[in-house]
Amino acid sequence: MTRSVLVLAAAALLAGCARPAPPLPSAGGLALTATPQAERPARCAALQSRVTTLRGEMKVIEDVIAGRRTSDQVAGYLSAVLFPPLALVMLTDPGAARKRELDLRQGQIDEALAEQKALACTTA
Numbered sequence: 002m003t004r005s006v007l008v009l010a011a012a013a014l015l016a017g018c019a020r021p022a023p024p025l026p027s028a029g030g031l032a033l034t035a036t037p038q039a040e041r042p043a044r045c046a047a048l049q050s051r052v053t054t055l056r057g058e059m060k061v062i063e064d065v066i067a068g069r070r071t072s073d074q075v076a077g078y079l080s081a082v083l084f085p086p087l088a089l090v091m092l093t094d095p096g097a098a099r100k101r102e103l104d105l106r107q108g109q110i111d112e113a114l115a116e117q118k119a120l121a122c123t124t125a
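Under the numbering used here, the very last position in the sequence shown is 125; numbers go up by exactly one each time.
It is possible that some hints are incorrect.
[To be verified] Okay, the calculated beta carbon distance ranges per label pair:
hint, residue 1, residue 2, range
1, 74, 50, 30 to 40 Å
2, 53, 96, 45 to 55 Å
3, 50, 104, 14 to 24 Å
4, 61, 121, 25 to 35 Å
5, 68, 107, 19 to 29 Å
6, 44, 4, 26 to 36 Å
The set of hints was computed from the structure by calculation and includes no laboratory data.
Where is the CB? At the ideal position from N, CA and C, for every residue including glycine.
Take the sequences, apply the hints, and build the full model.
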C-alpha cells in the first residue's frame, strides 16, 4: 500500500515537470520551391538572419530562466516542506509565459529551417 502511494506520488511529481513539445512546422514549405531562382539567395540570407535573431532571443529568455532557477527551486522545496498547501500555488509555473515564448520562437526557427530546406539554401 505504502509503495503504491509512493509510486503514485512520484508519478504525479514527474508529470508536473513535463510539458508538450511545440507544434511541428506546417507542411506549406513544399510550395516554396516555386520561388524564382534569382530571389533565392536573398530569401536564404533573410531566413538565416531570422534564425540567428530568434536564437539570440531564445538565449536571453533561457538566461532569465536560468537566473531564476535557484530561487524558484528554493521556493518550491520550502513550500513543499514547510507549508504543503503552498506547493499547490507553486504548481502554477511563474515561468510558463517564458517557456511559451521559447516554444513560439523554436516553432518559428523550425519553419524558417523548413523553408531553407525547401529552397535548397546553402548554410555557411
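Hints, one by one, checked against the model:
| no. | hint | in the structure |
| --- | --- | --- |
| 1 | 74 <-> 50: 30 to 40 Å | holds (37 Å) |
| 2 | 53 <-> 96: 45 to 55 Å | violated (25 Å) |
| 3 | 50 <-> 104: 14 to 24 Å | holds (21 Å) |
| 4 | 61 <-> 121: 25 to 35 Å | holds (31 Å) |
| 5 | 68 <-> 107: 19 to 29 Å | holds (20 Å) |
| 6 | 44 <-> 4: 26 to 36 Å | violated (59 Å) |
The structure does not agree with the numbered hints 2 and 6 stated previously, though it agrees with the rest.
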